Each structure stands twice: as structure tokens, then as C-alpha cells.
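Student: Generate coordinates for the entire structure from the input sequences, incorporating the hints supplied.
The chain contents come next:
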Amino acid sequence: MKKLVSLFLILVLAFFLTTALDQGLDFWHSPSQLDAFRMSNAFVQNDVLGEGGALVFGESKNLESGSANIVTSIVVDYRSFDTLGEITVLFLSALGVGLLMGSGVRTTLRSGFILKTAAKMVAPLMLLTGIYIFTHGHLTPGGGFPGGSMMATAFLLHYFGSDTVKSNLKPLKWIESTAGALYILLGLAGLFVAGSFLQNFLPTGTLGHLVSAGIIPLVYVLVGLKVGSEVSGIVADFSKTEVVS
Amino acid sequence: MMGSIIWLIALPLLAAFVSVVAQTYQYGLLVVTLLMNLLVLFAAPQGLTIIGGYEPPFGISLLFDQYALIALLLIQVLLLLIIVLARPLAKNYTPVILVMLAGLNGMLLTNDLFNLFVMIEIVSIAAFILSTANGKLTHTFHYLILATVSGVFFLLGTVLVYAYTGILVVQGLMMRLASLPVALSLIPMMLLIFGMAVELKLVPVSSWAKNIYGQANLLTGPIFAAVLAPAFGFVFGRMMNEVIVLHSLTGYTLLVMAISTFVLGELAAYRQTDLLKTLAFSSIGQSGLAVMMFTLGAPWAGILLLINNALAKSILYGVATGVTAAYGNASMGVLKGVFYHHRLLGVAFSLASLSLVGIPLFLGFFAKVSAVMAIFSTGLIWVPVIILLTAIVEGAYVMRWLLQLWSPAFEGYLASKKELPQKRNVFSAQQILVVGVLAVILFTMGLMPQRFVDALQKTQPAMAQYEMVGQGEQQ
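Quick mapping for you: the protein sequence lines, in order, are chains R and V. Per my numbering, the first sequence starts with residue 20, numbered consecutively. Per my numbering, the second sequence starts with residue 5, numbered consecutively.
In case anyone wonders, no lab produced these hints; they're calculated from the structure. Bear in mind that the values here come from a model prediction, so they are computed numbers and not experimental data. Take the hints with a grain of salt, since some may be wrong.
[What the hints assert, rightly or not] Below, simulated DSSO-like cross-link-like pairs (lysine-lysine); rule was C-alpha separation at most 27 Å, straight line:
#1 R:K189 to V:K95
#2 R:K139 to R:K80
#3 V:K427 to V:K340
#4 V:K340 to V:K281
#5 V:K95 to R:K192
#6 V:K140 to V:K95
#7 V:K427 to V:K281
#8 R:K139 to R:K192
#9 R:K139 to R:K22
#10 R:K135 to R:K22
#11 R:K259 to V:K140
#12 R:K259 to V:K95
[Stated by the list, open to error] Just some of the chain V residues that point at chain R, by a computed CB distance under 10 Å:
#13 L45
#14 P99
#15 T114
For each residue, glycine too, the CB sits at the ideal point set by N, CA and C.
Tutor: Rendered as C-alpha cells:
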């Protein structure tokens, strides 16, 4: 009976949500056909400040955000404060895992020859790909979060492929702490140089070039390093057997 | 630059990131951060602070007005006193407390609905981690599941609000939402309300609170009851003032939830024989009362109730968890006559509980009179009747506890003959001083509530739309 009532409630909620979403969201039109007054249009056109101009890849210069990836423009420039919040969420989650599991006993895995050899070859490549993804976050799909996660996966593979993982995780903590602190300091630099927290104070260059989009690549490098070290720390903490009364 | 309100969020976050590698100085960092935050609060000019260089509605902004100032001041002062009171416990959780502080300040300052969700998420996760200090992981898990599901509701509500209005700016969002057809705005409003219901401890999703509050220790008890609860109350007040459009369905749902939380919470508190459980249910009940005030359009009464409840609960939880830890149990049988040994703590506890009930001469009296007066003016006569009847229940259990805790009857007789029970060490002199400071703040506010309210109102452009309740009678 309890399950039937739950199922009924879920179905009612699902019905209301689908009707509400169907009325509210326009899935069937391209952004340019949407209501001109929606603020997302200004994000797409890279034209919040109203300085305007056409967007041409490899040609447009000194745009307000300057990132060829619209999502990156929104996540790391227009709404960078939310991203700071999100990396804080991850930081807290890692802290929580560390507090709960950190005191446990590390388990050792026994891995086979194939895994060991493959891990040695593949892990560095994964690490490199992760770094590539977060350094190119303003040009291609990707960015700090996926790039960092890929670095952590390399760490996981390395852990699976080696009998002994160094128990000294100090360097990871240092990277995590420094990257987080530098993100805040970058934001504060914006406050002192340009007038508001997390505001871009570097030239945005040419659309599509590696060195462009102001502080966005710097922020994404920091986010990538922070996410990578944090998720690696979580992996290391989860490798411990929990000791809970 | 140095006086920008953004420091209230940037500073605790920076300290949190640094504290992970500077473990020796963690606690000092926390204290210094809180003191600096107090300085910033007094130095920062009120108004809208833009982040990232984009003005609203495009970028995120922070709204620092009188309402935010009251809430932020309360949170920083109480948190500072609590971490001094529970220093050994706080030392284990310093980075978490620092991030929670950044989240709380962000939650109270932000002028963007999605950013509010992010901040609520930060504070909730910090609260989950802190609640593990109680040592009951199943309780934490229960709280985590409830709060996460409600977080999803809040996020869906935000998505729908954005889909319908095209903006996320909190200030003035209500105007846009009110212009929508009721059929459209109903669902997002319901989702936003249910998204906050868990943290506001509203029936039927308040079950987590009796476990987390009822098993609290010297750190978690005061933090949950005196920092997190008022913070979420203040956020709800802001939402009611700027975002949530009440239709007859949403309005009555919220009112029924708030009234049943108040009545059931206080009745359940009456039935408890465990001091911490009594305080837990009392916190649930008081949260219902504050929500009721904001729902019925009496924000000033809501603010006063939140402040009174926060100050009173910080003392009540501080003393209650202290004596529970020292005597091993929070049941009435064990704690009977405990204040015979600890008179200073007893006086502070009594002051706080009398203010909680709303005895004349205390801040609680002023808060409750404001509440009842405000509701009379709305024409809902039966609501004040419920409040007054429930206040009698509240008075009854508080008096019963005070009598039991002070009663020197049999224990006093035994103690005077130096037989039983042994006096145990509850607090150090420093901790007693902190409880004393809290009691003095509460008592002083109760002695001159009008002066206190005037001081709060003095520089208040953004509070202009708030009507001061009971103004005619008091001045």
C-alpha cells in the first residue's frame, strides 16, 4: 500500500512537472528564434554590455567575454560566482569523505600483470588528456570539471595498477588548497583592478586563440587542478576500509 | 574596495582553503575571520554589489540592506560565541565551519535565485558533515536524503521560474511572477516552498530534526538551533518578501504546514522527558511560528521571533548539552536538581527559557505580542487563539523543566549531607563567561526592546515596505 501511494505521488509530480516544463521551456527553436528579451540571448551573442558586433571565429577581437565556448563564457565569466560555489561544494564533499573515511585502514589490491603494465602506459596519457581538456576549456567543449575528473581517473587507474600507493597525500592537499586560494585571489584581483569581484582584468584577445578570453583560461586551469586533486583525494579516501562504530 | 561586502564570502572561503594545509592555525583562522567579518559588516556601505562586472539581470549581485545586516550580525556574533564555547569540538571541524560561514553569508546576501540554491547546497552539505559529530550516522543519512530531495525541488522551482520569467534576480521577482497566469506560477511556487520546508523543519518533513537536534552535542546543538535555523528563517523571509507569490492554494498549504508544525512541535515537546528532545521539538515548533509570521505578512514579528529564538536556543543548547555530557544523560531523572550545583548556568538557562516562552520583561514577550497583534490586524482571529493556547503548553513544559532542574528537593538534601550526587565539572570559567555574555545580550534586548528595534530601523531604505508591528502602542 505504501509503495502504491508513493508511486501515485511520483506520477502526479511527474505529470505536473512535464506539463509545467513543456509550457515553460522551448525545446523546438534555435536560440536566435527565441524571445529577443531573454537574457540568455545576450550571453549567446557575447553582448551583455551592449557593445555589439558580429562574432567571427578567429577574427573578432576584444569581445567582452572572448570565449569561443558559450557555455564557458556563462560558467566562468558571466556567472563565475556560481562556479566558485560549485567548487566549494566539491571541496566540502571531499572534506566530508576525508573526515568519515580518512581514519580508516588502507586496503591493498592485488592486480594482475596486464592491468599493471597497461596502467603505467595509459595513466600518463589520461593525465595529459585531462590537462589538455581544461587548458582548452574556453575553446572546445570541456573545461575544468571534466578535465579535473579525467586526471582523477588517471589517479584511480594508477591506484588499481600498483600494489602500493603512496600513503602520503600531502601534495594533493597542497594543490587543492593553493588552487582554491588562487581562485579567490584572482577574484579579489578583479575587485582591486577592475572594480568588482571575479571581474576580468586581462585583454580578451582574438576569438578562438589559445591565449584569449582574459582570466577564463587561468580560472579553468585552477578549477581543473582543484577538481583533479580533490577527486583523487576522494578516491584515495574511499580506498580505506571504514571504521565506524 | 576594502569595505566591500564580498569580503564576507571571500574571506571565509580563502581561510577554508588555506586551513586544509595549515592545520595548526585552523582555529585561530576561524576566530580572526569572524572578527574581520564583524568589521566588514560595519564598514561596508549598504546597497547592491555587482560580481564579475555584469549588472543584474545578467550577472550575479549581492543585496546588502538592513534586513541582511540584522541577519548577518546575528549569525557572526552567535557563531563566534559558539566556537569559543565548544572550542575542542570546533577544532576538529574548522574548515567545514569556515565554508559553512561563507555559505551562510552568501545565502543571506545573494540577489540571484540560482546562486541562492548553490549557497543553500553549501550550507546543507556543511550541516550534514557537522551532524556526524553527533556520532549517529543513520540520523545524518536520514537528514541527508530529506534535504537533498528538497534541494532538487528547490532547483526545479528555480528552473521553472527562469523558464517563465527569463530572469533570476531575486529583488522584484515577485512582480514578474505575479503577472503570470496562476496555473503557471503555482507549480514553481509549490516547488520552492517544499524546497525550503526541510531546512525550515516544517511538518511533514521535520522528522530529521528530532534526531539531529535531540542527539546534539555542545557544537552541533547551538550551531543547528542558533545559527542554521535563524539563517534559513531569514532566507525564507526574504523569499516571501521578494519571490514567492501566494495563491489561495499555496498560501493555505503553507499556513497549514506552519500551524501544524507549531502546534505539533510544542505538544511533542510537552511529552518529552529528555531535555535535548524537548529542546528539539521546541525548535521545530518555534520554526513553525516564525514561518507563520512571514506567511501572514508580518515580517517584523518573524524577525523578532527568529532573533529571540536564536539567542535563547544558543544558551539553552549550550547549557543542556554541557550538563548532558557531564552527567551522562539528558533524562529528567538524571538531571533533576542539577542547577543546585551550577547556579550561574542555571540562571542563564532560566533567563533563556523565560524569554523563549515570552514572559513579560523579556525579548520573547515583545516578539510574541508583535506576532499576535500583527495577526489580529489580518483578521484571522483563530490564529492568535491557537498561538496563545500553544504558548500555554510551551509555558507548562518550560516551567516543569525549570522546577525539575532547580529542585534541590531530595538531591539537595543529599548534597547538603555530601552524599549524592557528586558535583561534576560542566564548563570551564571561559565557557561560563560565554554563556553569561549570551544571557546578558538577551536580557538587555528584553529590557529595552523598543530602543533595540529603533536601532535596527534607523538606516533602513530597503525595509521601508516592512510595517513595524505594534508601533502605535509602543511609542
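Student: Against each hint, give a clear statement of whether it holds in the structure.
Tutor: The hints, checked one at a time:
This hinted pair checks out: R:K189 and V:K95 have alpha carbons roughly 20 Å apart, not beyond 27 Å. Distance restraint check for R:K139 and R:K80: the Cα-Cα separation of roughly 43 Å exceeds the 27 Å cut-off, and the hinted pair is therefore not satisfied. About 13 Å separates the Cα atoms of V:K427 and V:K340, which keeps this hinted pair within 27 Å; it holds. Our distance criterion of 27 Å between C-alpha atoms is met by V:K340 and V:K281, whose separation comes to about 16 Å.
Restraint check for V:K95 and R:K192: the C-alpha separation of about 19 Å stays at or below 27 Å, so the hint holds. Distance check on the hinted pair: V:K140 and V:K95 sit about 20 Å apart at the alpha-carbon level, within 27 Å; holds. Using a Cα cut-off of 27 Å, the hinted pair V:K427 and V:K281 holds, with the two alpha carbons roughly 24 Å apart. For the proposed pair R:K139 and R:K192, the alpha carbon gap of about 23 Å is at most 27 Å, so the pair holds.
Between R:K139 and R:K22 the alpha-carbon distance is near 49 Å, which puts this suggested pair outside the 27 Å criterion. As the CA atoms of R:K135 and R:K22 are separated by approximately 47 Å, the hinted pair breaks the 27 Å bound. At most 27 Å may separate the alpha-carbon atoms for a hinted pair to count; R:K259 and V:K140 meet this at roughly 20 Å. Restraint check for R:K259 and V:K95: the C-alpha separation of about 24 Å stays at or below 27 Å, so the hint holds.
Interface restraint check for V:L45: the shortest CB-CB distance to chain R comes to about 17 Å, outside 10 Å, so the restraint is violated. For V:P99, the suggested interface contact is upheld, since its CB lies about 6 Å from the closest CB of chain R, less than 10 Å. Given hint, V:T114 at the interface with chain R, holds; its Cβ is 8 Å from that chain's nearest Cβ, closer than 10 Å.
Consistency with the previously given hints fails for numbers 2, 9, 10, 13, ordered from lowest to highest.
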